[in-house]
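Participant: Sequence order for the protein chains is A and B. Residue 218 is where the first sequence ends in the numbering used here, and the numbering goes up by one at each step. Residue 702 is where the second sequence ends in the numbering used here, and the numbering goes up by one at each step.
Because the hints were derived from the structure by calculation, they are not lab data. No residue lacks a Cβ here, since even glycine has one placed at the ideal position from N, Cα and C. Errors might be hidden in some of the hints.
What the hints assert, rightly or not - Derived pair list, reagent style EDC-like, types lysine to aspartate or glutamate, alpha-carbon separation capped at 20 Å:
hint: 1; chain 1: B; residue 1: LYS538; chain 2: A; residue 2: GLU187
hint: 2; chain 1: A; residue 1: LYS98; chain 2: B; residue 2: ASP253
hint: 3; chain 1: A; residue 1: LYS159; chain 2: B; residue 2: ASP363
hint: 4; chain 1: A; residue 1: LYS98; chain 2: B; residue 2: ASP252
hint: 5; chain 1: B; residue 1: LYS499; chain 2: A; residue 2: ASP196
hint: 6; chain 1: A; residue 1: LYS98; chain 2: B; residue 2: GLU250
hint: 7; chain 1: B; residue 1: LYS538; chain 2: B; residue 2: GLU657
hint: 8; chain 1: B; residue 1: LYS346; chain 2: B; residue 2: GLU700
hint: 9; chain 1: B; residue 1: LYS499; chain 2: A; residue 2: GLU114
hint: 10; chain 1: B; residue 1: LYS499; chain 2: A; residue 2: GLU61
hint: 11; chain 1: A; residue 1: LYS205; chain 2: A; residue 2: GLU50
hint: 12; chain 1: A; residue 1: LYS98; chain 2: A; residue 2: GLU131
hint: 13; chain 1: B; residue 1: LYS499; chain 2: A; residue 2: GLU187
hint: 14; chain 1: B; residue 1: LYS499; chain 2: A; residue 2: GLU131
hint: 15; chain 1: A; residue 1: LYS98; chain 2: B; residue 2: ASP541
hint: 16; chain 1: A; residue 1: LYS98; chain 2: B; residue 2: ASP610
hint: 17; chain 1: B; residue 1: LYS323; chain 2: B; residue 2: ASP610
hint: 18; chain 1: B; residue 1: LYS656; chain 2: B; residue 2: ASP321
hint: 19; chain 1: A; residue 1: LYS165; chain 2: A; residue 2: ASP196
hint: 20; chain 1: B; residue 1: LYS653; chain 2: B; residue 2: GLU585
hint: 21; chain 1: B; residue 1: LYS358; chain 2: A; residue 2: ASP103
hint: 22; chain 1: B; residue 1: LYS358; chain 2: B; residue 2: GLU700
hint: 23; chain 1: B; residue 1: LYS358; chain 2: A; residue 2: GLU183
hint: 24; chain 1: A; residue 1: LYS98; chain 2: A; residue 2: GLU114
hint: 25; chain 1: B; residue 1: LYS340; chain 2: B; residue 2: GLU657
hint: 26; chain 1: B; residue 1: LYS525; chain 2: B; residue 2: ASP306
hint: 27; chain 1: B; residue 1: LYS499; chain 2: A; residue 2: GLU212
hint: 28; chain 1: B; residue 1: LYS600; chain 2: B; residue 2: ASP610
hint: 29; chain 1: A; residue 1: LYS159; chain 2: A; residue 2: ASP170
hint: 30; chain 1: B; residue 1: LYS653; chain 2: B; residue 2: ASP671
hint: 31; chain 1: A; residue 1: LYS159; chain 2: B; residue 2: ASP252
hint: 32; chain 1: A; residue 1: LYS15; chain 2: A; residue 2: GLU25
hint: 33; chain 1: B; residue 1: LYS499; chain 2: A; residue 2: GLU50
hint: 34; chain 1: B; residue 1: LYS346; chain 2: B; residue 2: ASP610
hint: 35; chain 1: B; residue 1: LYS340; chain 2: B; residue 2: ASP321
hint: 36; chain 1: B; residue 1: LYS323; chain 2: B; residue 2: ASP541
Stated by the list, open to error - Chain B is faced by these chain A residues, among others (derived, beta-carbon under 10 Å):
hint: 37; residue: ALA2
hint: 38; residue: ASP3
hint: 39; residue: LEU64
hint: 40; residue: ASP103
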Amino acid sequence: MADYALMNQLLFEGKHKIVQQMTEEALAEGLDVAAVLEDGLIAGMRVVGEDFKRNRIFVPEVLLAARAMKAGMAILRPLLTERGDADTSETIVMGTVKGDLHDIGKNLVGMMAEGAGFTIVDLGTDTSAEEFIAAVREHDAAILGMSALLTTTMIYMPKVVEAVKASGLDVKIAVGGAPVTPEFANEIGADGYGADAASAVNVFKELVAAREASRTSP
Amino acid sequence: MRARMEILETSLIERIVDEALSILETTGVLVEHDDAFDRLVVAGFTGTKDNRRITFPRPIMEEALASAPSSLTLHDRDGNPHATLSGDRVHFVPGSSALRILDRKTGEIREPSSPDFVDYVKIANGMKHLSYLSTAFIPKDVPQDIADAWRLYMVLSYSKQPIVSGAFTAFGVPRMGQLMAYFRDDRQDLIDRPMSIFTCCPNTPLRWGEDPISNIIDCAEWGIPMEIVPVLLLGMISPSTTVGALVLHTAEVLSGLAIAQRIRPGTPVLFGGAPASFHMKLMTNPMTAVEALQLYCGYAQIADHLKIPSQAYMALSDSKFNDSQAGLETGMGAILASLAGINSVSGPGMLDYVNCFSLEKLAFDDEVVAHARRFIEPVEVKEDLPTQALIDELVREKHLMMSEHTLEHWPEELYIPGPMVDRTNWEQWEEHGSKTFKERAAEVIDECLEDYDVEPLDAALHKEIRTLFASTCSDKEVALPEFE
Ligand code: B12
Numbered sequence: 001m002a003d004y005a006l007m008n009q010l011l012f013e014g015k016h017k018i019v020q021q022m023t024e025e026a027l028a029e030g031l032d033v034a035a036v037l038e039d040g041l042i043a044g045m046r047v048v049g050e051d052f053k054r055n056r057i058f059v060p061e062v063l064l065a066a067r068a069m070k071a072g073m074a075i076l077r078p079l080l081t082e083r084g085d086a087d088t089s090e091t092i093v094m095g096t097v098k099g100d101l102h103d104i105g106k107n108l109v110g111m112m113a114e115g116a117g118f119t120i121v122d123l124g125t126d127t128s129a130e131e132f133i134a135a136v137r138e139h140d141a142a143i144l145g146m147s148a149l150l151t152t153t154m155i156y157m158p159k160v161v162e163a164v165k166a167s168g169l170d171v172k173i174a175v176g177g178a179p180v181t182p183e184f185a186n187e188i189g190a191d192g193y194g195a196d197a198a199s200a201v202n203v204f205k206e207l208v209a210a211r212e213a214s215r216t217s218p
Numbered sequence: 219m220r221a222r223m224e225i226l227e228t229s230l231i232e233r234i235v236d237e238a239l240s241i242l243e244t245t246g247v248l249v250e251h252d253d254a255f256d257r258l259v260v261a262g263f264t265g266t267k268d269n270r271r272i273t274f275p276r277p278i279m280e281e282a283l284a285s286a287p288s289s290l291t292l293h294d295r296d297g298n299p300h301a302t303l304s305g306d307r308v309h310f311v312p313g314s315s316a317l318r319i320l321d322r323k324t325g326e327i328r329e330p331s332s333p334d335f336v337d338y339v340k341i342a343n344g345m346k347h348l349s350y351l352s353t354a355f356i357p358k359d360v361p362q363d364i365a366d367a368w369r370l371y372m373v374l375s376y377s378k379q380p381i382v383s384g385a386f387t388a389f390g391v392p393r394m395g396q397l398m399a400y401f402r403d404d405r406q407d408l409i410d411r412p413m414s415i416f417t418c419c420p421n422t423p424l425r426w427g428e429d430p431i432s433n434i435i436d437c438a439e440w441g442i443p444m445e446i447v448p449v450l451l452l453g454m455i456s457p458s459t460t461v462g463a464l465v466l467h468t469a470e471v472l473s474g475l476a477i478a479q480r481i482r483p484g485t486p487v488l489f490g491g492a493p494a495s496f497h498m499k500l501m502t503n504p505m506t507a508v509e510a511l512q513l514y515c516g517y518a519q520i521a522d523h524l525k526i527p528s529q530a531y532m533a534l535s536d537s538k539f540n541d542s543q544a545g546l547e548t549g550m551g552a553i554l555a556s557l558a559g560i561n562s563v564s565g566p567g568m569l570d571y572v573n574c575f576s577l578e579k580l581a582f583d584d585e586v587v588a589h590a591r592r593f594i595e596p597v598e599v600k601e602d603l604p605t606q607a608l609i610d611e612l613v614r615e616k617h618l619m620m621s622e623h624t625l626e627h628w629p630e631e632l633y634i635p636g637p638m639v640d641r642t643n644w645e646q647w648e649e650h651g652s653k654t655f656k657e658r659a660a661e662v663i664d665e666c667l668e669d670y671d672v673e674p675l676d677a678a679l680h681k682e683i684r685t686l687f688a689s690t691c692s693d694k695e696v697a698l699p700e701f702e
């Protein structure tokens, strides 16, 4: 029998190789994919989130756990997709906009989102609208996350939003970065704004839910 | 003797520099732009095109360190010498490039416009203890692709003082160079009598992005002095420990210095920095964190050892408002920067992780700077050793208020701050109207505006400069703001 408590503990400690191995073993034992995901991985991440909130652990420990989560997800994802229950393993295309090389914040957001089970396609810095759109299409992404740290480059964000709307893609757009405000996000027609990596993950979850809802409602 | 703080043993400095040079020799830097990479290969660097990495053999570094000037004299708009950066001279300058301002009238944090910027220039121009100006924040009422040059133009229009500035795009420097050249006989004259320092930031770890590398090359070609400003975040994109961080910081600065020296030997380069800590919970980047301050003081000593003038983002605050935290952080930074002998300290006026500029804070910080400057005045014998005669006089007269010695020395010795730093007692304070920090700041600012008297630029020159903007701005529809 898979020892979920041990798996949770090892995930908490960031032991990514063992977590991956235990994930494989659990499947080999014939356990249900959804159960391994929920009881083996997500339950561990829940403790991580709780302890982070309470200042028992800090960003480095969260990232280590996120890496372990990602290692386990690498095994589960193909099976989840096969079964068609994608939910939190949705893909997010992330990039810093054209002309801007600030990527520290964007990378952190990506790492934290991976820890929450999302798949991140990172386009790096200096990303054009065309590159964003091509990546969203290629990876069938649910969310497009844009970052900008300069007043000279944040004005590129509305151009991406317009191009995405014109492309007809069914993707939610989230924006962030020091000069970006919720008002600006609203003004340019983005769907979400995140002030830091933790709130970004919540925004992503809300956007996925909103997208699901709009898809199922007639 | 002038008070000077040292936190590194000379032998440790030598090991740090040696390690930084080894890293430049083996790892080198990544140049994230094909054209710039080619320009550097043409300039004599060794690099491999497929990974765009440039390495720095020791002889090149030795040559670069030998040709980099140990002193820089900034000149004013009219071409007169204004401030010399060398040795342990310390200058303070407002922080640069904030995204927002804290509106002194409404208390609101908002986007700045050109009229705000003109106000800033007039007020900063009147600060008594700041040595020169900076392009403190970015007006949002002009097309952003010209905002870098536009704020430089506004400083040049309203002040004669030299300027710390920088470009926001890969093509920003030449336009700004052209703008400054209007105030000199020709380009060579601008090199001989520089009026500004441009900030160029490597992308930690050991990368040069398209804009900064283009800026370095252009600055060197134009002979514009530059400050190389790495932004290490301790524990995030840097070792969390001081020595390791100093090695990385030094390697990044020296890579920029070597590139500049290769393009134009003798180009003034400041050993700069804006390192910060990385908050392991909040993911913010406090530049005033106590461990970051250690890094600032450490690299100042390395710069001194290498005989390169230094620059730092200190004497500022990460607080959101002008509160106790702002006072603590600004004061601590100003004193430490002075003790460390940093030649150009960028910071006054700045709040919120260099994101927000406050004129009230600028007024306060001007006095903070005066404190720091006073503290590093050398302690010397001033007709007070032997002391017997003074003691006799004191015992005899019961005070020294009217002593010749006091009359001679007190004006220099006893610094009287105010009105920002308040020295009234409670009754005096009430008598003087119980003025708050904000009210006192308003008075200082209004006085600066009233006293403001700088010769305006010639109308023909304004016209010429505006033609330059009109011809190089991407958005031809937008009318550029007018000012008197
Ligand atoms: C580090 C830094 C750099 C580094 C960047 C390193 C890197 N790889 O990213 C270096 C030194 C290279 C750099 C270069 C420059 N910089 Co810079 N930089 C900064 C600094 C100090 C911190 C940014 C940072 O990393 N913060 C830490 C991270 C964790 O926070 P964050 O980025 O805000 O991200 C968080 C949130 O915003 C949010 N978030 C971010 N992205 C996203 C995306 C989504 C979808 C969501 C939901 C959320 C989200 O979550 C993140 C995590 O919590 C800022 C000032 C500041 N405090 O913001 C200046 C700052 C942004 N830079 C500035 C400038 C001027 C420059 C240069 C032009 C300087 C020059 N002349 O060379 C160049 C720009 C070159 C270019 N074309 O991009 C100015 C901008 C001014 C303006 N008005 O636009 C600032 C404000 C500093 C200043 N006052 O001068 N910079």
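Participant: Run every hint past the structure and note whether it holds.
Facilitator: Now for the hints, and whether the structure bears them out:
Using a Cα cut-off of 20 Å, the hinted pair LYS538/B and GLU187/A is violated, with the two alpha carbons roughly 25 Å apart. Using a Cα cut-off of 20 Å, the hinted pair LYS98/A and ASP253/B holds, with the two alpha carbons roughly 18 Å apart. About 15 Å separates the Cα atoms of LYS159/A and ASP363/B, which keeps this hinted pair within 20 Å; it holds. For the hint pairing LYS98/A with ASP252/B, the CA-to-CA distance comes to about 17 Å; that is within 20 Å, so the pair holds.
A hinted pair counts as satisfied when its Cα atoms are at most 20 Å apart, and LYS499/B with ASP196/A qualifies at roughly 11 Å. Under the criterion of a C-alpha separation no larger than 20 Å, the hint pairing LYS98/A with GLU250/B is consistent with the structure, at around 14 Å. For the hint linking LYS538/B to GLU657/B, the alpha-carbon distance of about 19 Å falls within 20 Å, and the restraint holds. With a CA separation close to 29 Å, the supplied pair LYS346/B and GLU700/B exceeds the 20 Å bound.
Distance restraint check for LYS499/B and GLU114/A: the Cα-Cα separation of roughly 18 Å lies within the 20 Å cut-off, and the hinted pair is therefore satisfied. Pair hint LYS499/B plus GLU61/A holds up; C-alpha atoms about 10 Å apart against a cutoff of 20 Å. With a C-alpha separation of about 17 Å, the suggested pairing of LYS205/A with GLU50/A holds against the 20 Å cut-off. For the hint linking LYS98/A to GLU131/A, the alpha-carbon distance of about 10 Å falls within 20 Å, and the restraint holds.
A C-alpha spacing of about 31 Å is found between LYS499/B and GLU187/A, which places the hinted pair above 20 Å, so the restraint is violated. This hinted pair does not check out: LYS499/B and GLU131/A have alpha carbons roughly 33 Å apart, beyond 20 Å. Pair hint LYS98/A plus ASP541/B does not hold up; C-alpha atoms about 37 Å apart against a cutoff of 20 Å. Distance check on the hinted pair: LYS98/A and ASP610/B sit about 75 Å apart at the alpha-carbon level, beyond 20 Å; violated.
Between LYS323/B and ASP610/B the alpha-carbon distance is near 55 Å, which puts this suggested pair outside the 20 Å criterion. Proposed proximity of LYS656/B and ASP321/B is supported: the alpha carbons are some 11 Å apart, at most 20 Å. Restraint check for LYS165/A and ASP196/A: not satisfied, since their Cα atoms lie roughly 26 Å apart, outside the 20 Å limit. Straight-line distance between C-alpha atoms of LYS653/B and GLU585/B comes to about 17 Å, which keeps the hinted pair within the 20 Å bound.
In summary, the hint linking LYS358/B to ASP103/A is not supported, as the alpha carbons are separated by about 23 Å, beyond the 20 Å threshold. Between LYS358/B and GLU700/B the alpha-carbon distance is near 14 Å, which keeps this suggested pair within the 20 Å criterion. The suggested pairing of LYS358/B with GLU183/A holds, with an alpha-carbon distance near 16 Å, which does not exceed 20 Å. A hinted pair counts as satisfied when its Cα atoms are at most 20 Å apart, and LYS98/A with GLU114/A does not qualify at roughly 24 Å.
As the CA atoms of LYS340/B and GLU657/B are separated by approximately 19 Å, the hinted pair is consistent with the 20 Å bound. With a CA separation close to 11 Å, the supplied pair LYS525/B and ASP306/B stays within the 20 Å bound. For the given pair, LYS499/B sits about 32 Å from GLU212/A by alpha-carbon distance, which is inconsistent with the 20 Å threshold. With a C-alpha separation of about 17 Å, the suggested pair LYS600/B and ASP610/B falls inside the 20 Å cut-off, and the hint holds.
Taking the CA atoms of LYS159/A and ASP170/A, the gap is near 17 Å; set against the 20 Å cutoff, the hint holds. Our distance criterion of 20 Å between C-alpha atoms is broken by LYS653/B and ASP671/B, whose separation comes to about 28 Å. As the CA atoms of LYS159/A and ASP252/B are separated by approximately 26 Å, the hinted pair breaks the 20 Å bound. Taking the CA atoms of LYS15/A and GLU25/A, the gap is near 15 Å; set against the 20 Å cutoff, the hint holds.
With a C-alpha separation of about 13 Å, the suggested pair LYS499/B and GLU50/A falls inside the 20 Å cut-off, and the hint holds. Of the supplied pair hints, the one linking LYS346/B and ASP610/B is violated, its CA atoms being roughly 39 Å apart against a limit of 20 Å. Restraint check for LYS340/B and ASP321/B: the C-alpha separation of about 16 Å stays at or below 20 Å, so the hint holds. Only pairs whose Cα atoms come within 20 Å are accepted, and LYS323/B paired with ASP541/B is accepted, the gap being roughly 17 Å.
Interface hint at ALA2/A: violated, since its Cβ lies 33 Å from the closest Cβ of chain B, which is beyond the 10 Å cut-off. Taking 10 Å as the C-beta contact cut-off toward chain B, the hint placing ASP3/A at the interface is violated, the least distance being around 31 Å. At about 13 Å, the closest approach between the beta carbon of LEU64/A and any beta carbon in chain B exceeds 10 Å, and the interface hint on this residue is violated. Because the beta carbon of ASP103/A sits about 9 Å from the nearest beta carbon in chain B, less than 10 Å, this interface hint is met.
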